[in-house]
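K.L.:
Listed below are the residues making up each chain.
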Amino acid sequence: MIQPTTDMPDQPIIRFADVHKRFGSLVVLDALSLDIPADQTTVVIGPSGAGKSVLLKHIVGLLQPDSGNVYFHQQRINHLSERQLEPIRKRIGFLFQMGALFDSMTVGENIAFPLRHQGIKSESDIQQVISEKLAVVGLSGSEKKMPADLSGGQKKRVALARAIAMDPEVVLYDEPTTGLDPIRADVINELILKLKEELKVTGIVVTHDMASAFKVADQIVMLLNGKIIAQGTPQQIKTMEDEDVRHFIEGRANAEDLKALHRL
Amino acid sequence: MTPADPSSNRFRILSPLEFLGKTCLSLVLTLGDFVRFFVAILAGIFRGVDRFGLREMLSQMFDLGTLSIPVVMLTGFFIGAVLVIEAYPQFHALGLASRLGSVTVLSVVKQIGPVLTGVMLAGRVGGAMTAELGTMRVTEQIEALRSMAADPVRTLAVPRVLACVVMTPILTVFSDILGIFGGWLIAVHVQGINNDQFWHFARVGVDIYTINTGLIKALFFGLAIGAIACYKGFRCGNGAQGVGRACTEAFVSSFIVILILNLVLALLLTNIYVMVWPNQPPIL
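In order, the protein sequences belong to chains A and B.
Just so you know, we're using the numbering used here here: the first sequence kicks off at 37 and counts up by one.
Just so you know, we're using the numbering used here here: the second sequence kicks off at 225 and counts up by one.
Calculated directly from the structure, the hints in this document are not laboratory data.
As the structure is a prediction and not an experimental result, all values here were calculated from the model.
Ideal Cβ positions, reconstructed from N, Cα and C, are used throughout, including at glycine.
Be aware that a few hints might be false.
DEER-style ranges, computed between Cβ atoms [unchecked claim]: (1) 83(A) to 466(B): 38 to 48 Å; (2) 266(B) to 289(A): 48 to 58 Å; (3) 176(A) to 267(B): 20 to 30 Å; (4) 249(B) to 275(A): 51 to 61 Å; (5) 120(A) to 436(B): 40 to 50 Å; (6) 242(B) to 61(A): 45 to 55 Å; (7) 156(A) to 500(B): 51 to 61 Å.
With a straight-line cut-off of 25 Å between C-alpha atoms, the simulated DMTMM-like cross-links for lysine to aspartate or glutamate are [said to hold, decoys possible]: (8) 180(A) to 274(B); (9) 181(A) to 205(A); (10) 126(A) to 367(B).
Same shape as in the complex, but just chain A:
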């Protein structure tokens, strides 16, 4: 087990070094190098299909790069077997894009799953974590519900409760506010900030929601066609003049995107 205390304060907690990934002929990550600083929130923005979710999956070893390396606390993790990855995965919470709740289990059992799997036996401790985490995401009292009975936004919040059940040091948020109403989305933003400030959780947020990105980010990275085209603080990104960045953060379609419409 690697101890986080051995890190130098300015060492990145996660590092991508020249990572290439392709699916068939589709290049998803193209020579990507990125440092994720500890105890901060990095927001990854970019159009759909830019490789954002693929980037997240490399951090927990769900995907391996075709070439290049991924490091967690200076340890190279992309060559590790599933069993060797276990101690690393236990320290990282993952909120999946669609929630990925287990259909056959109740909400409570879903949140309890990582706890029970990691050998926490005391049922009263487990119940306490379940109600505590459900309260955090604003769904107190939903323990007995089945995922099929929840709305899309509620599923996502339960999934977030499950992702933080083990009090991980890193949380990967794949589109945490998509499908939520603006007020609930802001609650999630506040939660991301709270986890960072109070529990020193390192966050990596993949999102299209620019309001959320500017609110939670210490660092924003923009991906386009598997490459980083912009990186900086929210303030730096806001004032960037690059056309692709401006179009994305202002939510404006460019002339190329609108060409098809003119044919109508």
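Since the structure of chain A is provided, determine the placement of chain B on it from the hints.
P.N.:
This is chain B only, laid out in the frame that chain A set:
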């Protein structure tokens, strides 16, 4: 294209070759992948299941086993009855109608019971288990398990395969009993064969080894059905179409494997019988 065009001829010759090559390559790759998956399942079985796995296993045993009992019994009954209806004229012509008891019981216990149960279960498991696991894969639930440091093979596949291994022989017993009952009903109450003679030859024809032959076959069928259904679910393609295709493939592959296993096990178990009891005349 005209026949004089050399490129078209070349295309025509190469295309089937290319097809053959691609098919062989994909078959070898799939087989290799399946063997790795199967070894992981076997390793998981020897490591044992945890509390969560045990709960999964019991719930699968109920869904795929207990709920299949009526349909397996119904099929067994009708096949047993039809077997006697078809065999009676031949045996009657030879004056051996009273021997129908041993024919019925032997066929049902050694062949019809296990194979029928296997096929029925392959359909049910292909439809239910593969669809469930396939949907879990498509909705990232299997990746979620991995991200929480849980091994999906151990958590999902091992309990399901074990459920199939336990339930297939049990279901075979139900199928056997109803198959024999169906045969007896027709033989004694329709064809008028003497009840005592029917049971006498039934008893003479079947020993404990014969019954075990059927149950051993069922055990291997269960292992194959479970492993194939889980494999197809885990490797399922994207979307609803991917899940549907995986279910069909699971059933077809299980069906073929059951037929092949049945042949191999019949040869193997008969040879073992002859080796262990060399002076025993073949049954019947």
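K.L.:
For each hint, tell me whether it holds in the structure or not.
P.N.:
Evaluated hints:
Taken as a hint, the range 38 to 48 Å is violated for the pair residue 83(A) and residue 466(B), whose Cβ atoms sit roughly 25 Å apart. Between residue 266(B) and residue 289(A) the beta carbons are some 55 Å apart, a value that agrees with the proposed interval 48 to 58 Å. Checked against the hint of 20 to 30 Å, the pair residue 176(A) and residue 267(B) fails, with Cβ atoms roughly 42 Å apart. Range check, residue 249(B) to residue 275(A): about 54 Å between beta-carbon atoms, so the 51 to 61 Å window is met.
At about 43 Å, the beta-carbon gap between residue 120(A) and residue 436(B) stays in the expected band of 40 to 50 Å. Between residue 242(B) and residue 61(A) the beta carbon distance is about 18 Å. The supplied range of 45 to 55 Å is therefore violated. Evaluation of the 51 to 61 Å hint for residue 156(A) and residue 500(B) yields a pass: the beta carbon distance comes to about 52 Å. Between residue 180(A) and residue 274(B), the direct Cα distance comes to roughly 23 Å. Compliance with the 25 Å bound is thereby established for this hinted pair.
At most 25 Å may separate the alpha-carbon atoms for a hinted pair to count; residue 181(A) and residue 205(A) exceed this at roughly 28 Å. With a C-alpha separation of about 14 Å, the suggested pairing of residue 126(A) with residue 367(B) holds against the 25 Å cut-off.
In summary, the numbered hints that this structure violates are 1, 3, 6, 9.
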